[in-house]
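Listed below, chain by chain, are the residues.
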Amino acid sequence: MNQVRVAVLSGFGINCETETMAVFEMVGATADRVHVNRLVNGEMSLDDYHIMAVPGGFSFGDHLGSGRLMGNRLRFGLRDQVRRFVQSGKLVIGICNGFQVLVKMGLLPGDEEVSLTQTASLALNDSGHYENRWATLEFDPVSPCVWTKGITRMRVPIRHGEGKFVTNDRELLDRWSESGQLVARYVDPATEYPSSSDEVLPYPISPNQSWRNIAGVCDPTGLVFGLMPHPEANHSTWLGATWTRDVEDGEHGEGEGLAIFRNAVNYAEENLL
Amino acid sequence: MGTTTPVFSFEVTTRDLAGLPDARGDSVKSMLASNYNLNVESVRVILGYQVRAKLSPDEAERTVYDLFADPVMEEGSVNTRLLDNPTIFSEVPQIVIQAGFKPGVTDNAGQAGLDGLLTLFPHLANDAAVATTRTYAFWGVPENTSAEWLASKLHNPMIERAAIASQAECEKSAWPSLDFPDRPALEQTTPAIVDLEVSDEELIDISETGLLALNLTEMKAIQSHYREPSVREAREKLGLPQNAPTDAELECLAQTWSEHCSHKIFAAKIHHKDTETGEDSTIDSLFKTHIMKPTLDIQKKVDWLLSIFHDNSGVIAWNDEWSLCMKAETHNSPSALDPFGGAMTGIVGVNRDILGTGLGARPIANTDVFCFGPPDYSGNIPEGLFHPSRVFRGVHAGVRAGGNESGIPTVNGAIIFDDRYLGKPLVYCGTVGLMPRTLPDGRESHDKTPTPGDVVYMVGGRVGSDGIHGATFSSLELTEESPSSAVQIGDPITQKKMLDMIIEARDEGLIQVITDNGAGGLSSSVGEMAELTGGADLDLAVVPLKQAGLSPWEILVSESQERMTVGISPEDCAAFEALAKLHEVEATAVGTFTDSGAFVVRMGEDVVAHLPISFLHDGCPQLELDSEWTPPTHAEPILPDVSEMGEVLLRLMARPNIASKEWWVRSYDHEVIAQSVIKPFCGVNHDAPGDAAVIAPIQGQTQGAVISNGIVPRYSDIDAYAMTAASIDEALRNAVCVGVDLDLIAGLDNFCWPDPVESAKTPDGRYKLAQLVRANRALDDVCRAYNLPCISGKDSMKNDATLHGEKISIPPTILFSLIGNHSDVRKAVSSDFKSVGDRIYLCGESHHELGASELSYMLRDESNGKSGIGGRVPEIDPTRNLAMYRALTNGMENNLVASAHDCSDGGLAVSLAECCFGSNSGADVDISSIMSDCNQIDAWGALFGESLGRILVSVKSEDCEAFEASMSGHACYNLGTVVDGDKISVNNGEDRLFSSSMSNLRSAWKGTLDGGGPQ
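Which chain is which? The protein sequence lines are C and F, in order. With my numbering applied, the first sequence has no gaps in its numbers, which climb one by one up to 285 at the end. With my numbering applied, the second sequence has no gaps in its numbers, which climb one by one up to 1507 at the end.
Bound conformation, chain F alone (with noise of 0.2 angstroms):
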């Protein structure tokens, strides 16, 4: 049919008004200047869109400015190229290039203009295609910068094609013009039979060659399944091979035992040595050892923990209409190989976790963490990686569009940069929902409802070859061969209609149970949930598809993006489907949850795969791992003249941990839904860095939540039990900032490790699982301390990247964040300054702890590595921290201080800097009074070190007396004044540390992370 169908080729550009700039071109060129120092005297921008219909020319040339090109300021054109008309491009372009996907790569863009294609021409919709390429006309290109380079700055291979006209084509004419990209066609195979029955090394040929990421004793344990009589007996009778599994079997077993999905190191039983203690034990799950007790522990004291572990989703009590749920989780690997579309899936895909929460909860607040290679990384970046300013552009444009086209602000967030994210970058997404406790229909909204029967639906986005093998593949290491159909690129308006159709199908009451498609596709939303009711029958036959030819074992792997699994009573399946076709969203009944005993797959009338729903899940056998502490030794750090520390806060302020993210930041959307009451910025010039986010969900209400993140990496270098408290103490200490409530909060515990398990790669694995052990017994500690459950979270362990030889592994990281109450937002606090003559304290105690401090890898990096990163790491006191965090909030309630804000990277002096960026003022301090905490503190320490539990907070004079009365009894000191004026003034007792120009700071600040752009 495609062969007889025209191809229209339609293009637009900016038109030529005065005041009005080619901003695509314009985005273009400040981009290649801010990543590349290149500097090009003009781009222009030409947007293409190949459209595959029946058009009459009439109909073709209508299109134009009804449809691709504004009337009012564009130019538009069909079936002619804009370059050929000289009215609009008067002087040849230098070089050309035309951008495109390659067939099959989700084009968002094609998919709306299709939509509005069928909009204008109904009849066309059974045979109509669109795709879309850019254009990029450049002039004015420096000497020996070869078209191929800038060709290569402009799409990524792994997802694009480019086309290419030199000076001399297009001196000629000759402009680049892709081919419509069509889908190559499929061929479907039929389910093969993978036979078992092989030696061990061929065992663990089959699980490489086909990308299962299986382990031989795992591989075994699928191998003695099916020699088990019983098994074999059933599968006679069903007419499959009895002896062996088939393709689909043997995938879905892989995806649903993917360090990915089942957490195998988690549940492992280690064997662990400590070395300095003398320590050799054994350790049953460090999930249910550390994670899960402790909560549950938690759990008998509150009635506020509502769902816990089991779901998408943590859920709590908020008040009694209204429950919050959170959960946070990587996409590290496909934002490594392309940084756009895998960015941006991680959010859509963490925002459905939210939906497949309990009946359906309502995402309402995105948080993004993201850990990058230094965005002026200058030595040597192995082939098959991305500049880490590149990726981190393009992560952070995922992000932007994934949430704001989403409609869910981006409420709080961190980027941190470490050499060793350059192999694979950390991108944490994690969404918080709101669900109402009660359905109309008086179910919990928390708990699902299935039943033997309930229909299975698959709904919102169809299947296709993208994003097969992404589970297993992000549970194995990135190396060049990495599969580029393990990349996609998320569909936002598809799932937002999505999102908008469910939530009205849950209020309506026809919703049983939900879960949403991510890793491992249907095999694990379906497989999962008919573990429920005890057994699910899926038929692969009627699931749509994006192309035709897909095998069994593909469609039911796929993890194909936008798609929910939802299981609807018989009797409600008109009303469901009724409401899909409003909100035109597409919703197929696949299959029926049963309680057989057995996930069985079907195509049409073939079984393809019967898995007993017990060997599905409790199947795979425990890993047995071995685990050797051994601190490790650093050098102490050389520290400067003390005439020095001015000079050195202002180099401080100005790397990229410390310095200010707003350009970045103000690209996302954090307003939406007109909740936002402490917002990333704030300060007389809405420039300063809030601490924790507090929303007001409930329009009207004063009711908030806090949102807040704490991340440390660096201090696993030392100890990754101290990154894991310090992470903790980080997160909780943000929203004591605004003024959470110390007796409703819960946190979400995210690990992302280098391979922890010994192996020829990995030889230092021991050390790797030792700091895993310490990082859980931190969590352990400290949350129980803190009183803070862990309600979800989420591990990814593989995160090396091995490329020619050359091996990366990133530092443990922790994620921690929070989400807790706030009893009334109009007592929310925030950290800037107010008023000059206010009085600054800084509250909690300060010891000489500058290990692995920001200022400690200043100094390195600034000396080659002849000045350590060792020293004391900051060492947790959470008993001594919660007392002073319960004393200060209280203060708050008593509207006693004026602004809060936490001590963090680069310690106190970075602290007071941003307080003072916040009312545009100086401060005179003495810090004279918190020597007394720690008789080995010098003014680096005080000044630079990074104890926890410090909060600088600032108090109107006239309410000083009862400040400190409230803080009676907690380390709470008076350092000095906001003062009139630009100077930042530190004295230690009569001696002045340094007087810096708050100005200065500021600038150096806000320069590092400046994105660029015309403004």
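So here's chain C without its partners, still in its complex pose (with noise of 0.2 angstroms):
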């Protein structure tokens, strides 16, 4: 048993689990899909687990804010089962979804106690509406964060409608600044790598007009991580935005976005094993 095992949660209108556990595997570890009821029933637990995946999707349709209902269920009904597993040193992500999940239910950005107080949020995009359009992340480089170690930046797709990150105390957002939890941010591909900014960049270089360019977020150990990108979708160069234009023939592979996962997968198999 010495692999590194994820669990991929499910149900409830979540719908990117079967990418989000091929990603995992793709980099050595084994995942299983598991409904958040099998935990909630004890038919399976959390604790046989190094990693805990809350992928993108529209748990219960989005309705009454983004990752509100399936945070309450996790906040309300897994509770002890979830700070136990923050608590041990083992790693969280949230993509999309399941990022607008972990903010909602206060795992993110999160506090050294894990009380699962809820301190930032998702609003709906300024353009109001849901959009698919690809964007560029940048990366900071002296973040704490595990899963994004050594990455500059990234392509990713966008896929959501509530992902303009904002929080009612910007003193806050300093604090996560310095700390180094604002971690992955939209930037302008156009320019030379660092060049991340707090002033707000245009529509769509910033496709929802988050805060700070803020597209995700870590908690204090940088081992819980969330974004609204999607990283899993750009596991392999034929899924790129362009790569009919800038992938050769003979030079496909490996994606983009899976540098993250094999960053968590190394770092688990390093310290959880």
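To be clear, the hints were calculated from the coordinates, so they are not data collected in a lab. No experiment lies behind these values; they were computed from the predicted model shown. Don't take every hint at face value.
[Said to hold, decoys possible] As a list, the in silico EDC-like pairs of lysine to aspartate or glutamate whose alpha-carbon atoms are at most 20 angstroms apart: (1) F:LYS1319 to C:GLU260; (2) C:LYS102 to C:GLU125; (3) F:LYS1319 to C:GLU266; (4) F:LYS1448 to C:GLU263; (5) F:LYS793 to F:ASP812; (6) F:LYS1448 to C:GLU260; (7) F:LYS1299 to F:GLU875; (8) F:LYS1448 to C:ASP261; (9) F:LYS1319 to C:GLU263; (10) F:LYS1319 to C:ASP258; (11) F:LYS1448 to C:ASP258; (12) F:LYS1319 to C:ASP261; (13) F:LYS712 to F:GLU1116; (14) F:LYS1073 to C:GLU55; (15) F:LYS1073 to F:ASP999.
Got two chains here, each in a separate frame; can you build the complex from them with the hints?
Dropping the structure here:
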């Protein structure tokens, strides 16, 4: 059993579990599809896993705010299991709807105590509607985030209607910035690395007009990470937005998004096995 | 019980934070500006949740921020109006409108709210309900805009209610307030007996007043069934009325025999005359002759046609491990009445067809094709119809919600505009499914394996009074009396939970037979599957209902959404039910499959229907119809001076049929499942139009599937044969552009026709039927030539609307959808030119074919009809086309093709511009070489004609020699070069025809259908 085990949550409108399981397996882990109710009824337990992934989707149809109802199911129905998992130094990722879930349940940006208190949110895009388009991310090189180590930039699709990162306490933003928690930001691909900025970039470089161009954040430990874009959807070169222009025949292989999952699996192999 | 339970009113609105707009309010503002040219200063939206539950005051208070309002970015309240809070709304609004659903209409947000409430307070499970409202507050409304007018744009009275506060009322803080939408109590009626021993006029009257959509011959066939002594004898034993049907029986027959379910026109005996050729012949079933026969003939030559025609979708073997299936259908009538709900039920409905294929397939891709009236239509709109822009917005939103929330990518589609879709829009929804060839238990997944004794389960949603008479209603024309009960709203999350559960049950080997509940509800789903075992016994008394009091016949035919009917072996029932419980899906045993020879329906102990399977499925008499073809005549187009060509192209790019649909398409998720290789948009700025979609559905593997569509309804104004041929060629051409494997392609034919049966209401029925005959002949000829079997299809034959005496019929329209194999997606080709210096080639022959072209229609519209659409409509030479397609595909496999884009609406000129958009470059082109194809062709015909079988290709200069060699023997002309800069220059030898700015063309192309909105 010397393999990293990943619990990929499913059910209630989560819909990216297939590709999320696939990317973890591509980088050497084993991944299980875990219906949330199987954790609630005790049939399965998070304790048996090293990584928990909350995939994208439309849990509960995004009604009452995206991620809200699933967040409540986890916050109220699985509170102890989730806190124990995080406090034992295991890894968590939330992608798109999964990120919304982690933010609404207070796991991100989070706090040392894992108190599950919501401090930020994801508002409707300024465009007022759902969009699917590609964006470029830049990662904070000094962030404690385990998932993004060594990655500078990445091209990824965004697919959401509510991805504008906001908070009601602007001082928190500065604090998160200093602690390296504002780990992924939208960036103009025409600029030189590094060039992430706090000033909101024009649409569609920033597809949702997120504050400080925030696309993803981590918790203070860097083990819990979430982001609106979908790195799992860029697992192979032939899934890129412009691959027919920029990938030569014979150069096909791993996509840019896979690095995130490899980082986590490597970390788990070194620290959790 | 409800009367003692209090209703709490929760409200939520966006918090006032710098940098956080009220995006919901802003969307309403931009919609009013875009659709109605009305500019208001500001709109705020307040979401309301009416909660009927026994909450304590403390619990209610806690619920505000634990459930309904976001504690960070929203303000919430319970039992106080946010509009009364001056720190949130410092200025009194001018108009306030509150909208909410009518009782009984599906309220998905309300359902989610209830689920969330029960997460917090599980003990409320048996006595809680949640309904939602939306309150719109307006400031700075232009004078003479009435509150009633505004309200009419913000709700659909067919399914919603609205309350209004005028300025005077706002000043008194008399805010609009809707009551909790209580369903009216229903009174269950005992089964009625319908006496059919009456005059012919009365038989027709029974059919019409009961919305049965049965004609006199059919009514008489039913009458004579109940006269048969053996039938009477059997009925006496069962305690049923001997001489007459029950209402449940008559309804069940009407559903099963409806045009919608049994395709009577395609099965009819047709006497066909052609006044041009003198043909006088009889066709015994268009379907059997021209659709089934060619496919069966192709099936003899290939080994990959696994399941055709008899299941919910057609199945092909994709490789040794996996099969693919595809189905497309329309949801036109409901979308006319409630664009959002109608379209949403369309997409989630066709998803269920995939789930109900074989032993259950997983939907992996959607395609959506819509036909609307022009978005800028300024003519008279008959009362009872919506403006096309509102239909467009509503349909788009419905498909977006249905597809996105189900986690199924929308990979391909089209939007077509024509005045005649004003009466009935066409909403085609298609879905591709994937299933393992064999299940873990060894059964082949494309075959159903029912046995008598299997338990019938109804899975998913409950049955309500919504969706009664959908099948028969869609078999009738639209009138002002069309019933609102035929309209529903889908619930994608209930369906998604069911889908997850069904796929798991399939893989565990629990499913013996499965089908969806669509048109006709349980009467069709159980009735159809009963044919497989030879009978079924159904108990309506145990069917879970949305509201008590439904009558037996209503339970039997209700088309309430999100339901599958599944057959399970008795020994697997416990496991099946446990799986349903885990997924929080309702699954109820409602009957048993039998071999009794009859479909027996009971309400508890009482038999309410007893229909012999043979009569139910084969008793409907064949229609006999007359068809007569005389070709129409049209004036020739009046072409402008060649010096105006550049200006003409600019205007053509902005035509809604050609303009970019990016604003709309981007709001579909096209990439979920991480399989999207060729996306709807490509090019350096991700904004050039793709051709076919390519997906690689098995993660990490490089075998792909190609999905494309062809639709050209304009051509049926000249000849429906040409229209059909062009649709098939367009679908295949698009697939060839991305490198489809031509040895593994399958098609779907989807007919939408105006009523082709001659009658007082349809005096031109013979002509419309002749169009149908010609369309079928084209399908037969072209599919055989392309070796392209039709594996599934659908027809919708009553696309007429008569409102206040005005009849609007759609142009005969075929959507031809294609699914094919792609051997290696890494060799897929996109439409955008790649590099400056690449050579541009046109493959395929050009003829002088401007008939019914987009250019001819534009010139007609601009000249108020003086310029005609006539001339030659594009003709097909499938053998020549296929040979060229094979050569080009070969070139792609050898990496010789840098880009490929098909020439369709607007011809070569439009295609050239679109390829340049993708590379942000210009092009230098000389068309003189293609003039040799045809001695009548001129520059207009070459550049704007829509000759079939043409693909615009670019090739790296170093590959040109090899490419030309690979195309030898086929029409393939070197036209010029991709050039740096912004100029698209087109010459005919020495003559400069035009030189246009690429960026101007792009702005025109992107401007027309920009949906607006704050960005």
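Taking the hints in turn, this is what the structure says about them:
{"no.": "1", "hint": "F:LYS1319 to C:GLU260", "verdict": "holds (10 angstroms)"}
{"no.": "2", "hint": "C:LYS102 to C:GLU125", "verdict": "holds (15 angstroms)"}
{"no.": "3", "hint": "F:LYS1319 to C:GLU266", "verdict": "holds (16 angstroms)"}
{"no.": "4", "hint": "F:LYS1448 to C:GLU263", "verdict": "holds (18 angstroms)"}
{"no.": "5", "hint": "F:LYS793 to F:ASP812", "verdict": "holds (18 angstroms)"}
{"no.": "6", "hint": "F:LYS1448 to C:GLU260", "verdict": "holds (13 angstroms)"}
{"no.": "7", "hint": "F:LYS1299 to F:GLU875", "verdict": "holds (12 angstroms)"}
{"no.": "8", "hint": "F:LYS1448 to C:ASP261", "verdict": "holds (14 angstroms)"}
{"no.": "9", "hint": "F:LYS1319 to C:GLU263", "verdict": "holds (12 angstroms)"}
{"no.": "10", "hint": "F:LYS1319 to C:ASP258", "verdict": "holds (13 angstroms)"}
{"no.": "11", "hint": "F:LYS1448 to C:ASP258", "verdict": "holds (14 angstroms)"}
{"no.": "12", "hint": "F:LYS1319 to C:ASP261", "verdict": "holds (8 angstroms)"}
{"no.": "13", "hint": "F:LYS712 to F:GLU1116", "verdict": "holds (15 angstroms)"}
{"no.": "14", "hint": "F:LYS1073 to C:GLU55", "verdict": "holds (13 angstroms)"}
{"no.": "15", "hint": "F:LYS1073 to F:ASP999", "verdict": "holds (17 angstroms)"}
Going down the numbered hints, you'll see the structure goes against none, and every one checks out.
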